[in-house]
Amino acid sequence: MALDKQTVRRIARLARIKVPVGRLEPLARELANIIGWVEQLGEVDTEGVQPMTSVVHMTLKARGDQVTDGFYRDKVLANAPEADHGFFTVPKVLE
Amino acid sequence: MVDLTELGVAEARDLLANGEILSRELTAAHLEAMAARRDLNAFITETPERALAMAEASDERRAAGEAGALEGIPIAVKDLFCTEGALTTAGSHILQGFAPTYESTVSAKLWRAGAVMLGKANMDEFAMGSANVTSYYGPVKNPWRARSGPSAGKDLVPGGSSGGSAATVAARVAPAAIGTDTGGSIRQPASFCGIVGVKPTYGRCSRWGIVAFASSLDQAGPLTRSVRDAAIMLGAMAGHDPRDSTSVDMAVPDYEASLAGGAQGLRVGVPKEYRLDGMPAEIEDLWQRGRQWFEDAGAELVEVSLPLTKYALPCYYIIAPAEASSNLARYDGVRYGLRVPGDDLIDMYENTRGQGFGIEVQRRVLIGTYVLSAGYYDAYYLQAQKVRTRIAEDFDQAFKDCDVILTPTAPSAAFPIGEKMDDPIAMYLNDIFTVPASMAGLPAISIPAGLDGAGLPLGLHVIGRAFDEETMLRAARVIEEAADFTARPPAA
Amino acid sequence: MSEQAQLIKGDTGDWEVVVGMEIHAQVITQAKLFSGAATEFGAEPNTQVSLIDAAMPGMLPVINMACVRQAVRTGLGLKAKINRRSVFDRKNYFYPDLPQGYQISQYKQPVVGEGTLTVDLKDGSTRQVGIERLHLEQDAGKSLHDRHPAKSYIDLNRSGVALMEIVSKPDMRSADEATAYLEKLRAILRYLGTCDGNMEEGSMRADVNVSVRRPGAPLGTRCEIKNVNSVRFVRLAIEHEARRQIEILEEGGAVDQETRLFDGAKGVTRSMRSKEEAHDYRYIPDPDLLPLELDEALIAELRASLPELPDEKKARFMDEYGLSAYDAQILVADRETAAYFEAVVGDARRDPKLAANWVLSELFGRLNKESKDVTEGPVTAEQLGGLIDLIADETISGRIAKDVFDEMFASGRDAAAIVEEKGLKQITDTAALEVVVAEVVAGAAAQAEKYRAGNQKVMGWFVGQVMRATGGKANPKLVNELLRKKLEG
Ligand SMILES: [Mg+2]
Ligand SMILES: [Zn+2]
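Residue numbers (our numbering), protein chains in the order written: chain A, 1 to 95; chain B, 1001 to 1492; chain C, 2001 to 2489.
Worth double-checking, as some hints may not be accurate.
Pair ranges (Cβ atoms, derived) [to be verified]: (1) C:L2306 x A:L94: 41 to 49 Å; (2) B:E1393 x A:Q66: 35 to 43 Å; (3) C:G2216 x A:G22: 52 to 60 Å; (4) B:P1242 x A:V21: 44 to 52 Å; (5) A:D84 x B:D1344: 15 to 23 Å; (6) B:A1251 x C:Y2107: 33 to 41 Å; (7) A:G22 x B:R1112: 48 to 56 Å.
Here are the simulated lysine to aspartate or glutamate pairs, EDC-like style, with alpha carbons at most 20 Å apart [to be verified]: (8) C:K2450 x C:E2439; (9) A:K92 x C:D2146; (10) C:K2151 x B:D1344; (11) A:K5 x B:E1360; (12) C:K2079 x C:E2312.
Derived by calculation from the structure, the hints in this document are not laboratory data. For clarity, every value in this text was computed on a predicted model and none was experimentally measured. We put the CB at the ideal spot given by N, CA and C, even for glycine.
Using the sequences plus the hints, can you model the full thing?
Okay, structure coming up:
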């Protein structure tokens, strides 16, 4: 899949970003340009190399199984663009 | 009477401790400077009332004998740190009106240490940029101006993304600021603004409460006018946080004490691959001067090899956008920030994100979405993570022969606002020298080291071993002493 | 069950249904997978929500190790491979009840790998169903679509609760096997205490993959039926979906691989295509979390802490108590029933077959009538044991025992007290019974004549008469003995 107008339309949909029709073509050129540039990574020999999972050596930290958080609905809803009766609300989702 | 806005962190601390000045005086002086320098557009939100209240409280604590390490020192906070009750925008329209109900770990530590918040500093939107031109709140101006050459008479960029933080410190509006660095976002603006900027080792400072850009790279750090001030600030910002799984559980050393070491016994690595084609002569000269300073001070110069240097930037431009595309999915107009109505739910999402995100953020989210999409993951993202492993291994190898690595911070001095705007890759190249250390999670610092022919500041860059900020700061102090950088931007 | 019996007759020949299941099981813990918010069911909307669960800017996940321990215990219970290293990935998609815009899940490297589950079928036979994997992931919040004509309401209480997704191999060949799999899996989770298995409250949800094929042919195209929320619905969904697919194929059509929804009210599955955009989840290892590394010591500790599971318990019941496979299987179906049974047998080592019989037919019969489970019945195991003791020492007859049990069930009183109070003790006094026997025989000369003429069957009639005369309390063995002596003597 070349990074063309159709691809931009598809990934913009995946990313939930509305791109005006007139922007599709120039955006495709910009993105194709960047992708073309990063493709030089293909030159690097990575045979047998493990992909990085953690940049510094450490082990995963954990929390205990205690209820230590929550019970502050006002904080959760404080910045909501729209809320009703303790719920966030959005345009109706059709199942 | 001293000019209070000329004081650095250490000087102000000492005068406050002696009782010669009060925080409310120091803070008021900086608030005045802030008001006088609105031309810089360095703040998204000024918080003068909060600042004065915090200063009063600080003076009371000091009177009660309870002074912290930064007691009474006013600072600017990049608008990427969530601050309780104070608008936090990440420089984006999409966080319109967002007032967090919580305080980021790093800023909370600073307030606990007695620091005073002047305001929320402008920045590139979601920290994506190297010139502070992508902010929804407009570009930040660099207080420096070119004396001559093509940039003369033009407003210059402060670098980015922590451009507001850097401009504010350079313009004496704040003695110190905090920023974040993902690929160079503290160090490059520090270089452009003639100040010191530190990116600590990944894991040294908690990321909790900092709006995420690229989680595996983001680190908070200080911007100051001296290495000592940076050490003091870093000491207050660093430390383990159980709320951040990637924060490291290690004691925080006394960074200020580490400055005294000097260059004796220091092995300074000079990576041969940093001599890029077309590196401006002024940058090459500055780098040469830096090597000479180290040698003169008694350090040993070692040529090291970082063969994958040229791949670090393209590698970064896969990993950072990929992580960002996922991190920014939460800005959907449902729970906070901007909501732009639509015909249905999906339309609302698309309108909100289409209008809420600026062009550069959209570009990176789309790049990230593309490289992670079905069929492309292995070729782009997986390959990038493997290259990243190799970049980190190269540094490990180099650090067998040296204690710190010296490079230029940026390939140029500050450039006029508006330049490189329609050439993303040219803009990305600003970070060519800072990104490799980011990819390897290493601590690095930019120190103002000289002026270019147009009288604009240039920085040198010292990279340390993981969690060895002490040696990095000690080396930086050597540069600082030798460079004796006393130039300053013109007053307003 | 024979392979043949499971085939579905079509117009053009036999078909075989192939079923695999993905079960989402809510992990029993106090707090959520990556936050300290509570997990309790039924709280006020958006109260059990932390800033992390609401995906506020800058919030970060920190794993609750109890969830990991529960997942590992479940994996061990499924005889599965525990992966020493697993990775949390982000599954990216937009939905209003998914605040982060991604679900933290495990994609390529799950915490638990392949295992097996032994499914017990109604006829007492068993079948092995392969477990493909078990991984940990976050639950989403809840969208309510019926509170407002134009809006959906979002409650994030469930957002971030730990789920185990347990994926089977496509090893089931009928709705019977699939429901038996679900029931067995639920029993194991309950034994382990890792999930309460409550499908009504949504703490266990089934996605069912169904395809059909000619016997022996390669696998057909499958449809995934989402969120089937009861065992009965799983059966109906499979039966309906198999018929639907067979119909399509027999008419020369092709089954579309798609996600379908089971409509419980109509008993049919329907396409979710409307909602289904081209999914591209763009999985990425979560950079906020490190890989999950488990050491052998932790796994060993968890292994040592496992309770006896249904299969082992069933084998032990057969071996130790001499029970049939059928009885043992029913008794071990849940932990409480098995424990009840063993308490009835007790330290006194009461006759296990008698105990099993009383639990399975008498106790269960009465419990079922009142829709109660074994923990809700009025008769404790000790009390039932007491009743069995009275039968064993011949204080009461088996027949009387049933009446006593009715009384116990109604009042919760002990058997001995009821027997005492109502004077139900068996009459074992030979002299007293001899009197009754003499009276009965004297009053039935014609019947006695028949017996003496060789008609043994009349004996039953005589016993009945004696029992009636004694209100059922006479010891039947003694009655037989005395009657024989009297009639033959
Ligand atoms: Mg699934
Ligand atoms: Zn799942």
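Now for the hints, and whether the structure bears them out:
{"no.": "1", "hint": "C:L2306 x A:L94: 41 to 49 Å", "result": "holds (45 Å)"}
{"no.": "2", "hint": "B:E1393 x A:Q66: 35 to 43 Å", "result": "holds (40 Å)"}
{"no.": "3", "hint": "C:G2216 x A:G22: 52 to 60 Å", "result": "holds (58 Å)"}
{"no.": "4", "hint": "B:P1242 x A:V21: 44 to 52 Å", "result": "holds (49 Å)"}
{"no.": "5", "hint": "A:D84 x B:D1344: 15 to 23 Å", "result": "holds (19 Å)"}
{"no.": "6", "hint": "B:A1251 x C:Y2107: 33 to 41 Å", "result": "holds (36 Å)"}
{"no.": "7", "hint": "A:G22 x B:R1112: 48 to 56 Å", "result": "holds (51 Å)"}
{"no.": "8", "hint": "C:K2450 x C:E2439", "result": "holds (17 Å)"}
{"no.": "9", "hint": "A:K92 x C:D2146", "result": "holds (9 Å)"}
{"no.": "10", "hint": "C:K2151 x B:D1344", "result": "holds (10 Å)"}
{"no.": "11", "hint": "A:K5 x B:E1360", "result": "holds (18 Å)"}
{"no.": "12", "hint": "C:K2079 x C:E2312", "result": "holds (12 Å)"}
The structure shown violates none of the earlier numbered hints.
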